[in-house]
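6 protein chains.
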Amino acid sequence: MVYVSRVAHFNAAHKLVNPAWDAQKNQEVFGKCANENWHGHNYELHVTVKGEPHPDTGFVFNAKTLAELIEKLIEEPVDHKNLNIDVPWMQGQFTTAEQFAIGIWNQLEPAVHAAGAQLHCVKLYETPRIYVEYFG
Amino acid sequence: MVYVSRVAHFNAAHKLVNPAWDAQKNQEVFGKCANENWHGHNYELHVTVKGEPHPDTGFVFNAKTLAELIEKLIEEPVDHKNLNIDVPWMQGQFTTAEQFAIGIWNQLEPAVHAAGAQLHCVKLYETPRIYVEYFG
Amino acid sequence: MVYVSRVAHFNAAHKLVNPAWDAQKNQEVFGKCANENWHGHNYELHVTVKGEPHPDTGFVFNAKTLAELIEKLIEEPVDHKNLNIDVPWMQGQFTTAEQFAIGIWNQLEPAVHAAGAQLHCVKLYETPRIYVEYFG
Amino acid sequence: MVYVSRVAHFNAAHKLVNPAWDAQKNQEVFGKCANENWHGHNYELHVTVKGEPHPDTGFVFNAKTLAELIEKLIEEPVDHKNLNIDVPWMQGQFTTAEQFAIGIWNQLEPAVHAAGAQLHCVKLYETPRIYVEYFG
Amino acid sequence: MVYVSRVAHFNAAHKLVNPAWDAQKNQEVFGKCANENWHGHNYELHVTVKGEPHPDTGFVFNAKTLAELIEKLIEEPVDHKNLNIDVPWMQGQFTTAEQFAIGIWNQLEPAVHAAGAQLHCVKLYETPRIYVEYFG
Amino acid sequence: MVYVSRVAHFNAAHKLVNPAWDAQKNQEVFGKCANENWHGHNYELHVTVKGEPHPDTGFVFNAKTLAELIEKLIEEPVDHKNLNIDVPWMQGQFTTAEQFAIGIWNQLEPAVHAAGAQLHCVKLYETPRIYVEYFG
Numbered sequence: 000m001v002y003v004s005r006v007a008h009f010n011a012a013h014k015l016v017n018p019a020w021d022a023q024k025n026q027e028v029f030g031k032c033a034n035e036n037w038h039g040h041n042y043e044l045h046v047t048v049k050g051e052p053h054p055d056t057g058f059v060f061n062a063k064t065l066a067e068l069i070e071k072l073i074e075e076p077v078d079h080k081n082l083n084i085d086v087p088w089m090q091g092q093f094t095t096a097e098q099f100a101i102g103i104w105n106q107l108e109p110a111v112h113a114a115g116a117q118l119h120c121v122k123l124y125e126t127p128r129i130y131v132e133y134f135g
Numbered sequence: 000m001v002y003v004s005r006v007a008h009f010n011a012a013h014k015l016v017n018p019a020w021d022a023q024k025n026q027e028v029f030g031k032c033a034n035e036n037w038h039g040h041n042y043e044l045h046v047t048v049k050g051e052p053h054p055d056t057g058f059v060f061n062a063k064t065l066a067e068l069i070e071k072l073i074e075e076p077v078d079h080k081n082l083n084i085d086v087p088w089m090q091g092q093f094t095t096a097e098q099f100a101i102g103i104w105n106q107l108e109p110a111v112h113a114a115g116a117q118l119h120c121v122k123l124y125e126t127p128r129i130y131v132e133y134f135g
Numbered sequence: 000m001v002y003v004s005r006v007a008h009f010n011a012a013h014k015l016v017n018p019a020w021d022a023q024k025n026q027e028v029f030g031k032c033a034n035e036n037w038h039g040h041n042y043e044l045h046v047t048v049k050g051e052p053h054p055d056t057g058f059v060f061n062a063k064t065l066a067e068l069i070e071k072l073i074e075e076p077v078d079h080k081n082l083n084i085d086v087p088w089m090q091g092q093f094t095t096a097e098q099f100a101i102g103i104w105n106q107l108e109p110a111v112h113a114a115g116a117q118l119h120c121v122k123l124y125e126t127p128r129i130y131v132e133y134f135g
Numbered sequence: 000m001v002y003v004s005r006v007a008h009f010n011a012a013h014k015l016v017n018p019a020w021d022a023q024k025n026q027e028v029f030g031k032c033a034n035e036n037w038h039g040h041n042y043e044l045h046v047t048v049k050g051e052p053h054p055d056t057g058f059v060f061n062a063k064t065l066a067e068l069i070e071k072l073i074e075e076p077v078d079h080k081n082l083n084i085d086v087p088w089m090q091g092q093f094t095t096a097e098q099f100a101i102g103i104w105n106q107l108e109p110a111v112h113a114a115g116a117q118l119h120c121v122k123l124y125e126t127p128r129i130y131v132e133y134f135g
Numbered sequence: 000m001v002y003v004s005r006v007a008h009f010n011a012a013h014k015l016v017n018p019a020w021d022a023q024k025n026q027e028v029f030g031k032c033a034n035e036n037w038h039g040h041n042y043e044l045h046v047t048v049k050g051e052p053h054p055d056t057g058f059v060f061n062a063k064t065l066a067e068l069i070e071k072l073i074e075e076p077v078d079h080k081n082l083n084i085d086v087p088w089m090q091g092q093f094t095t096a097e098q099f100a101i102g103i104w105n106q107l108e109p110a111v112h113a114a115g116a117q118l119h120c121v122k123l124y125e126t127p128r129i130y131v132e133y134f135g
Numbered sequence: 000m001v002y003v004s005r006v007a008h009f010n011a012a013h014k015l016v017n018p019a020w021d022a023q024k025n026q027e028v029f030g031k032c033a034n035e036n037w038h039g040h041n042y043e044l045h046v047t048v049k050g051e052p053h054p055d056t057g058f059v060f061n062a063k064t065l066a067e068l069i070e071k072l073i074e075e076p077v078d079h080k081n082l083n084i085d086v087p088w089m090q091g092q093f094t095t096a097e098q099f100a101i102g103i104w105n106q107l108e109p110a111v112h113a114a115g116a117q118l119h120c121v122k123l124y125e126t127p128r129i130y131v132e133y134f135g
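Residue numbers (numbering that gives the first Met the number 0), protein chains in the order written: chain A, 0 to 135; chain B, 0 to 135; chain C, 0 to 135; chain D, 0 to 135; chain E, 0 to 135; chain F, 0 to 135.
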């Protein structure tokens with residue numbers, strides 16, 4: 000079993016807010032992340048698939064194919080967008096790094112599976128100092 | 000003459016739009032950066048001052064003092080904010096990396112001067128692949 | 000289960016020496032790391048906690064809280080210090096990256112647990128080319 | 000159990016081609032990686048061993064010893080070489096990152112074992128955006 | 000005057016050899032870089048243009064336009080190629096980082112000029128530890 | 000004129016203290032950097048030389064020669080050492096990044112000159128967030 004990872008970059012605006020709470024409570028819990036007029040990040044995404052190298056290619060999964068899936072399913076709907084407003088599959092959810100990584104997994108997993116491989120991990124850097132990992 | 004640089008990080012939302020143009024023209028010129036609902040970045044800021052090491056300290060400029068100036072004058076008004084809406088000294092300006100770097104210079108220069116040093120350069124990374132430098 | 004990591008930086012002096020050995024033997028085993036008058040590093044620490052996103056926040060663990068725990072329990076006693084002399088919980092131990100990571104785990108684990116989360120991993124870079132990981 | 004990793008760098012030329020296929024099929028599958036006159040990479044290699052810190056040293060494995068094994072067994076035969084032509088243990092294999100990581104594991108594992116430790120992982124960056132991991 | 004830089008990545012094979020010298024002399028001067036069967040690098044290219052922000056856009060030079068020029072004039076002819084064999088504008092020249100940076104400048108300068116800006120610097124990383132800068 | 004830079008790494012212990020001041024004054028000015036029992040850093044050094052590519056090699060300066068000069072003149076006396084105690088050419092000076100960069104320049108400049116090139120810049124990172132540049 001070999002694990003193959005592809006790194007992608009995109010940027011987006013978001014804010015963290017629980018609509019059931021008032022502004023003061025949101026500020027207490029989410030701090031500056033609750034600021035009303037949005038903030039944003041350069042996200043760095045690592046997508047890892049696993050499998051055995053194919054005898055005809057030596058590839059577990061063609062990195063070009065993986066890059067194309069990430070571009071179509073994640074970068075196109077997300078890059079230079081507002082995660083709270085513009086991304087259909089994040090509607091009704093917190094746009095924390097945790098929930099966003101789960102959302103990305105849910106978008107990628109069926110496509111990676113259909114392409115004959117196994118998705119292993121979605122790793123998402125929100126900043127160079129905060130990142131999350133989700134393994135399904 | 001020795002040049003001393005201090006690196007800071009913050010993140011913010013913005014969009015690029017010329018209010019004299021219609022949406023189509025803005026999209027043509029600014030591309031995804033004109034998306035209506037904002038996007039954002041993790042900015043990385045390098046502030047460089049120059050001078051001769053002081054005989055009592057060996058410092059051109061105390062890096063802790065420099066960090067405090069950057070925190071008070073740049074990070075506090077800008078971090079987790081919307082550059083187009085929330086930052087008084089960017090009002091009426093494009094929030095391109097170019098204009099933002101000039102804005103940062105204008106905030107820092109008098110304070111660095113008052114502290115007895117010379118501001119040399121403001122270098123601003125908008126993404127890991129796009130950065131600007133301004134020397135006053 | 001989602002894994003959330005926070006990165007912190009600090010620097011410290013240390014040396015590697017087995018007090019039961021003479022200088023020559025220490026030099027043979029530890030090389031330049033045994034130099035008498037200390038050397039030092041900019042350490043980079045990644046602390047990973049795991050759990051399920053909370054339904055009220057979308058957070059596994061508030062990254063701000065995690066940063067505060069790391070600052071209080073690790074950065075304050077360790078930053079700009081001598082690991083062999085100044086850090087109570089490293090007394091009587093080798094200050095190798097391995098032992099230091101275990102020491103960091105032992106400081107953080109009860110506090111992370113008390114805050115309602117699970118510590119998963121302490122990853123410590125001694126230099127950009129040498130790092131260790133400890134999972135308890 | 001503590002995991003200790005050492006990072007090494009080298010560069011090499013290679014190309015990806017299945018000799019059973021014609022040029023067009025190779026181009027279709029491998030894209031630019033099949034270009035006839037070779038291309039190359041700055042590889043970054045992370046070698047991870049695991050074990051318990053030794054009571055006499057606090058080391059799981061002396062990082063200097065690990066660096067010497069990597070230099071002798073991997074860097075010397077591979078650095079500034081052509082993976083398809085010059086490296087005996089890659090003959091008859093695809094020089095994909097996947098197969099190359101397996102080849103590196105096979106070179107290192109007996110030597111790490113003989114030195115009294117356990118090889119845990121070979122992680123190989125082909126570019127800053129594509130990397131593979133192999134755990135034996 | 001503001002300086003705007005765009006970073007690009009590509010990889011290529013090359014070797015360093017003076018055809019007027021025998022193999023021994025080439026080995027003496029160029030070391031492993033003279034190895035017969037090529038080696039290669041992941042190059043990182045920083046292209047810097049300078050000018051004043053345009054009053055209609057706040058841009059010195061549209062970074063998207065700059066990226067397109069770099070892609071067409073540098074990445075397409077160079078990426079996944081052999082610098083000594085495949086790149087017309089490097090024929091008859093050493094493929095040192097120095098000469099390659101001059102070659103890149105000569106390709107980009109007329110196009111940047113035609114687009115109404117001034118090329119300021121070509122910075123080229125051959126490895127993370129060796130880079131060159133050329134200012135025309 | 001082309002500028003060629005070589006990056007090196009080493010680590011060392013130091014502290015910042017003015018012997019003419021008492022402990023309180025040192026603490027006020029130098030903060031944690033004055034802690035009595037030393038602290039340390041992983042320094043990153045960039046050495047830049049300038050000149051024209053030689054017609055026989057395409058090199059401004061052989062990067063291998065530059066690496067050897069840096070190793071002999073800087074890394075050997077400094078790596079894993081105490082800057083205040085062990086380095087002859089830092090005696091009687093503050094070990095600030097500023098003074099250390101000047102010291103490094105003074106060691107390298109005659110040797111680079113003797114080797115037929117011009118030293119242009121010494122750039123020294125004390126941490127990833129603080130660096131200095133000295134041009135002689």
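What the hints contain is simulated information worked out from the structure, not anything from laboratory work.
Treat each hint with caution, since some may be false.
As the list makes no split between identical chains, a pair holds if one copy fits it or if it spans any two.
[To be verified] Straight-line Cα separation of at most 27 angstroms, DSS-like style, residue types lysine-lysine; simulated pairs:
no., residue 1, residue 2
1, K49, K31
2, K24, K122
3, K63, K31
4, K122, K49
5, K71, K24
6, K122, K63
7, K49, K71
8, K31, K122
9, K49, K63
10, K31, K71
11, K24, K63
All figures in this text were calculated on a predicted structure; none of them were measured in a lab.
Identical-chain pair category, K24 with K63, by Cα at 27 angstroms:
between (45 angstroms within a copy, 15 angstroms between copies)
Using 27 angstroms as the alpha-carbon threshold, which applies to K24 and K122: within, between, both, or neither?
neither (30 angstroms within a copy, 33 angstroms between copies)
Using 27 angstroms as the alpha-carbon threshold, which applies to K31 and K71: within, between, both, or neither?
Result: close only across copies, 16 angstroms inter versus 32 angstroms intra.
Alpha-carbon proximity between K122 and K49, which holds within one copy, between copies, both or neither at 27 angstroms:
So K122 and K49 pass the 27 angstroms test inside a copy (14 angstroms) and across (13 angstroms) alike.
Copy assignment of K71 with K24, given that the CA separation must stay at most 27 angstroms:
between (37 angstroms within a copy, 25 angstroms between copies)
Can you tell me if K31 and K122 fall within 27 angstroms by alpha carbon in one copy, between copies, both or neither?
Answer is both; intra-copy 24 angstroms and inter-copy 25 angstroms each pass.
At 27 angstroms max between alpha carbons, let me know whether K63 reaches K31 within a copy, between copies, both or neither.
For K63 and K31, the Cα distance is within 27 angstroms only across copies (10 angstroms; inside one copy 38 angstroms).
Homo-oligomer pair classification [K63, K49; C-alpha up to 27 angstroms]:
Within one copy only: 15 angstroms inside, 32 angstroms across.
Could you figure out if K49 and K31 sit no more than 27 angstroms apart (CA to CA) within one copy, between two copies, both or neither?
For K49 and K31, only the inter-copy Cα distance (23 angstroms) is at most 27 angstroms; the intra-copy one is 38 angstroms.
One pair to classify: K49 and K71, alpha carbons no more than 27 angstroms apart. Within, between, both, or neither?
Intra 20 angstroms, inter 30 angstroms, cutoff 27 angstroms: intra-copy only.
27 angstroms Cα cut-off: does K122 pair with K63 within a copy, between copies, both or neither?
both (19 angstroms within a copy, 20 angstroms between copies)
In the structure shown, a violation is registered for the earlier hint numbered 2 alone.
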